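Under this note's numbering, the first residue of the sequence shown carries the number 27, and numbering increases by one thereafter.
These are calculated hints, taken from the structure and not from any lab test.
Model, not experiment: these values are computed from the prediction.
Glycine included, C-beta positions come from ideal geometry on N, C-alpha and C.
Each hint should be verified, as a subset may be incorrect.
What the hints assert, rightly or not - Just the calculated beta-carbon pair ranges, DEER-fashion:
# : residue 1 : residue 2 : range
1 : Met243    : Ala169    : 37 to 47 angstroms
2 : His156    : Gly96     : 20 to 30 angstroms
3 : Met42     : Val145    : 25 to 35 angstroms
4 : Gly113    : Ala219    : 34 to 44 angstroms
5 : Pro144    : Gly38     : 48 to 58 angstroms
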Amino acid sequence: MRKAIMLLALAGIGVMLIYAVGEMPPMGDSGNPDKTHVAPRYLEHGEEEAGASNVVTAVILNYRGYDTMGEVAVIFCALCAVVAVLGREKTGLSRTHMDVSRVKASVVVRTTVRFLVPVIIFFAIYIILHGEETPGGGFQGGAIIGASIILFTLAFGLPESTRKIPLKSRVPLESFAVIAFLAAGFTGILFGANFLTYIMPGLSEHAAETIRQVMMMVIEIGIGFAGGIIFTSIMFAMIREDKYELQPDSS
27 MRKAIMLLAL AGIGVMLIYA VGEMPPMGDS GNPDKTHVAP RYLEHGEEEA
77 GASNVVTAVI LNYRGYDTMG EVAVIFCALC AVVAVLGREK TGLSRTHMDV
127 SRVKASVVVR TTVRFLVPVI IFFAIYIILH GEETPGGGFQ GGAIIGASII
177 LFTLAFGLPE STRKIPLKSR VPLESFAVIA FLAAGFTGIL FGANFLTYIM
227 PGLSEHAAET IRQVMMMVIE IGIGFAGGII FTSIMFAMIR EDKYELQPDS
277 S
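Take the sequences, apply the hints, and build the full model.
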């Protein structure tokens, strides 16, 4: 009976989705709203209205700022869910299967990773800071930072990674993106504008432009570093830890 109810519910949802998709305009049609007035306005007035020469950044942080703030909150909630189910890593009390492997670690691999990880992180920082002018931004830079830490963990193991990036250093950064968005949003209210407004009334053009650039930069940095740390914390929580210390080989 329970399975039948679930199947009927799924079938009903499927019918509604098919109906909704059928009512949508044809994909690629030149008469679609995004082709007639939305995209041209972004391309023509994006830099002037949003303060970013990179149109993608202008859309993400300005035109669709509320949507991006929601995405950041969802990523943070995903971390909270993972930690609630799996818990934090138990540094120094356990090891992973990778750490008890009988295969010796490759000196070549570890040396290469030790050289590459700082370069990758510097490149990620460049991507984050130049997101408003060149392709990239906080999400892309954060993904690169997370990937570099995953690479380091695969080469050196979980204990070494948690020693380099301890829990007490990660926790304050995990919510940095959400805090940055809220700070930028309430800054608009403080200056008498709407929440998450980058154009402040009653200020000179130069002062308003400076505040807008600073707000966008703070948000980009928050998204980048928080994203990278969240990916790292999720990975650390999902790695299976064994409840024993390394044992010497008895053979």
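* **Violations among the numbered hints, reported as their numbers in ascending order** => 1, 3
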